[in-house]
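Undergrad: The whole structure should be built from the sequences, with the hints applied where relevant.
Residue strings, one per chain:
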Amino acid sequence: MIPELGAAMLFVALALALYGSVAAGVGGRTGRPALVESAQHAALGVFVLVTACLLLLVYAFLTFDFSVRYVAINTNRGTPFYYRITAVWGALEGSIVLWSSMLTIYTLIVILRHRRNARELYPWALSVMLGVLAFFVLVMAVPAPVFERLTPIPPDGRGLNPLLEDSGMITHPVALYLGFTGFTVPFAFAIAALITGRVSDFWITTTRRWTITAWYFLSLGLLIGGWWSYHVLGWGGYWAWDPVENAAFMPWLTGTAFVHSVMIQERRRMLRLWNVALVVMTFSLTLFGTFLTRSGVIASVHAFTQGAIGIFFLSFLSLVLLTALALLAWRWDALGAQGELDSVVSRESVFLLNNVMLVAATFTVFFGTVFPLVSEAVRGVKLSVGMPFFNQVNVPLFLSLIFLMGVGPLIAWRRASADNLRRNFLGPIVVGIVGAALFWTLGVRSALAVISLSLVVFVTATIVVDLLRATRARMRVGESAPRALGGLLLRHNRRYGGFVVHLGVLVVTLGVTGSHAWSVQTETTVHRGEHAELAGYRLRFDGLRASEESNHFKVTGTFTIDGARATGAVLEPAKKFYPQDSSPIAYVDYRLGVMEDLYVVLGDFARDGSQATIKLQVNRMVSWIWLGGLVLTLGTVLSLVPERRRPA
Amino acid sequence: MKKTKFLIGGGVIVLALAYMIYAGVSQSVVYFVTPSELSAAPVAGKAYRVGGMVQPGTVKWEAKTLDLTFTLSDGRATVPVRHKGTPPDLFGEGRGAVVEGSWSPDGYFKANHIMAKHSEEYKAPHDAGANHEQLLRTLKDGSTR
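Those protein sequence lines, which keep their order, are chains D and G.
If you count the first sequence from 1, position 74 lands on 74 in this note's numbering, and the numbers rise without skipping.
If you count the second sequence from 1, position 43 lands on 1043 in this note's numbering, and the numbers rise without skipping.
If you're looking for bench data, these hints aren't it; they were derived computationally from the structure.
A couple of the hints might just be wrong.
Partial list, computed: chain D residues near chain G (C-beta under 7 Å) [as the list claims (entries may be wrong)]:
#1 344
#2 382
#3 385
#4 523
#5 585
#6 586
#7 603
FRET-style restraints, in silico, Cβ to Cβ [as the list claims (entries may be wrong)]:
#8 1104(G) <-> 321(D): 46 to 56 Å
#9 570(D) <-> 1023(G): 46 to 56 Å
#10 1104(G) <-> 593(D): 31 to 41 Å
#11 1011(G) <-> 572(D): 56 to 66 Å
#12 445(D) <-> 1009(G): 28 to 38 Å
#13 1023(G) <-> 560(D): 40 to 50 Å
#14 1041(G) <-> 523(D): 25 to 35 Å
#15 442(D) <-> 1060(G): 43 to 53 Å
#16 1011(G) <-> 433(D): 24 to 34 Å
#17 1007(G) <-> 334(D): 19 to 29 Å
#18 1044(G) <-> 332(D): 54 to 64 Å
Here are a few chain G residues that face chain D, going by a calculated C-beta distance under 8 Å [said to hold, decoys possible]:
#19 1006
#20 1013
#21 1025
#22 1027
#23 1049
#24 1063
#25 1064
#26 1066
#27 1069
#28 1085
#29 1086
#30 1087
Even glycine gets a Cβ: it sits at the ideal position worked out from N, Cα and C.
TA: Below, the structure written as structure tokens:
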């Protein structure tokens, strides 16, 4: 009964969302507040219904309702309690439910926050949001029916994909989807601006916090995904340029460009057209990413059945792009830039260059991701461009971006004088060069690592220079040093929040650089009592033991460290055998450290426990990537605090 | 004058990007081939990905030396493969595998990387039930690597 209730509620939600979208649009056009109010009620109704569906699904999982196909496939009686909840979004259908659910929450917040302060744009923005919502509810109801029944009812379910039995499954999808869906808000306001013709800067200032929030959650989702890849998949890496990763990375890149380019519009009334285009691109890329990863298009290279969902996403994507293009063409004149670039050496240019680089990176990622598909479709040649391609093309782009990150916030607006350049950058450049020399003498021999590290030093120096100068200026009027610094951070929290976010990115950069330059690994077979050695660590193999867990069978190896480093510690990598899977899954064990992680994967073993083959890695500075995420969080919070001073 | 500067700058960036992509693709492109295609015209040193079924009875794994050898087949032709390292979790006789590496002039395929994948052709026959399609989709969602 409950699944039918859920399915029925979805159809009601679909009708409400469609109605609300039209009502809000008509209300906006005719200026009848009653219609807009009615649309708000519809939005509330959709929120209640979608939330109820999510709860029904959770209930079905918790009560092992195997008559629901989705439940039967993604859980079984042995699945632990908390993984039964995360299993709700463990596969396609449920992830769409999660997506819609977040979108309804965002829609409600938009209603609460903006129904009074954005009178003209608001009805249209609401209309767009409900339209997008209607699409996702439609997907839930038709091509990915989450409440579909299964007959005959199996006695037990198949079980969640074992790789997803991880705490990262609680946070990763939630953060990622909060990021994806978050970009719907600036997109909706951009479309509203185009429709109403109020394409000035109002929609940008209104959605600033939304954009930063979405950007932050997307960043967080990517980082947690990297952490999952690192500690679950057992290959010792965190980023593989996999289509799924690229799909989430592309909107992040354009979103990052957007976060920066809106500042130019706010300050200099430039780039109107560009900003609208960027937000349309970002939103479309979130859809495209879902299409790419959920439709089986990518996998079809390796023979995979394609469902109807791909058609739905592709049609909606085309609708979005065509509508946006038509609106852009319609408002072309109004979008003409007001300000003009005065000089190549100016903050505007640097920001513009940053945007060009980010969009270029997006394009290369897009190209590398779809090139194999195009090649197969057009020439019939199956090929792939893997990690080497992405690294080779993107590393120079990212290094340039880091350089620009140091220049952008300090260089003068309009036209930077020689004096301005000298005052701001002479010191940091000298420090950066000294840093490079220092790293070289310390034995860093990879040119790439030296460049990357000295760029990090350079950018850090620019931030320090700026902070010191501003603090000193406040101290001159009689404030104590800590008070001056604190006041600075709070009063100019947008600027300094941005700096802290930049610091976070730098910390992540250090982690990426360090792990690529200095990680080492070995693979070896050891008998019981023998040692495996790597980078000063000695691991003694003490034997194997088998155990029966709630939903799988586990073979664990015991390795005791008895060398000069980390003596006494025990690592227990394992292999897990799930009944629903014909092959085992490695369970990595590791010791995380600030400068290096010791990482052990159990490969092959003799059944009598006399020998084991292990992969041993010492991964350097990977923790900095996760630490960078923390700094990023601090910076985002700081930049979202309401400003104390009146806007200039 | 200013406009020209920006145009030239933009042109330089676009050209540089185009070159980087071109160079990147030509240096890192890997061709997917079947065992028949490979054995028809193997080019030594060229990067390939060969996909096929691991022929039953051909897998030899020496734990001491980490030498793994097996034969990939597509039903018409076979390719002998050598690899240094532990067989991955999903690897097994009678299952599908994709190996990346190059053809050695000594008459075998030298694999640097083995990708044993969950997918249609790789599932054991008894799994092919009513939920087949759905199962695959589910598997794919989680095990994308």
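Undergrad: For each hint, tell me whether it holds in the structure or not.
TA: Cross-check of the supplied hints:
no.: 1; hint: 344; verdict: holds (6 Å)
no.: 2; hint: 382; verdict: holds (3 Å)
no.: 3; hint: 385; verdict: holds (5 Å)
no.: 4; hint: 523; verdict: holds (6 Å)
no.: 5; hint: 585; verdict: holds (6 Å)
no.: 6; hint: 586; verdict: holds (6 Å)
no.: 7; hint: 603; verdict: holds (3 Å)
no.: 8; hint: 1104(G) <-> 321(D): 46 to 56 Å; verdict: holds (48 Å)
no.: 9; hint: 570(D) <-> 1023(G): 46 to 56 Å; verdict: holds (48 Å)
no.: 10; hint: 1104(G) <-> 593(D): 31 to 41 Å; verdict: holds (40 Å)
no.: 11; hint: 1011(G) <-> 572(D): 56 to 66 Å; verdict: holds (58 Å)
no.: 12; hint: 445(D) <-> 1009(G): 28 to 38 Å; verdict: holds (34 Å)
no.: 13; hint: 1023(G) <-> 560(D): 40 to 50 Å; verdict: holds (49 Å)
no.: 14; hint: 1041(G) <-> 523(D): 25 to 35 Å; verdict: holds (33 Å)
no.: 15; hint: 442(D) <-> 1060(G): 43 to 53 Å; verdict: holds (46 Å)
no.: 16; hint: 1011(G) <-> 433(D): 24 to 34 Å; verdict: holds (31 Å)
no.: 17; hint: 1007(G) <-> 334(D): 19 to 29 Å; verdict: holds (25 Å)
no.: 18; hint: 1044(G) <-> 332(D): 54 to 64 Å; verdict: holds (56 Å)
no.: 19; hint: 1006; verdict: holds (7 Å)
no.: 20; hint: 1013; verdict: holds (6 Å)
no.: 21; hint: 1025; verdict: holds (6 Å)
no.: 22; hint: 1027; verdict: holds (7 Å)
no.: 23; hint: 1049; verdict: holds (7 Å)
no.: 24; hint: 1063; verdict: holds (4 Å)
no.: 25; hint: 1064; verdict: holds (6 Å)
no.: 26; hint: 1066; verdict: holds (6 Å)
no.: 27; hint: 1069; verdict: violated (15 Å)
no.: 28; hint: 1085; verdict: holds (6 Å)
no.: 29; hint: 1086; verdict: holds (3 Å)
no.: 30; hint: 1087; verdict: holds (7 Å)
Of the numbered hints stated above, the single one contradicted by the structure is hint 27.
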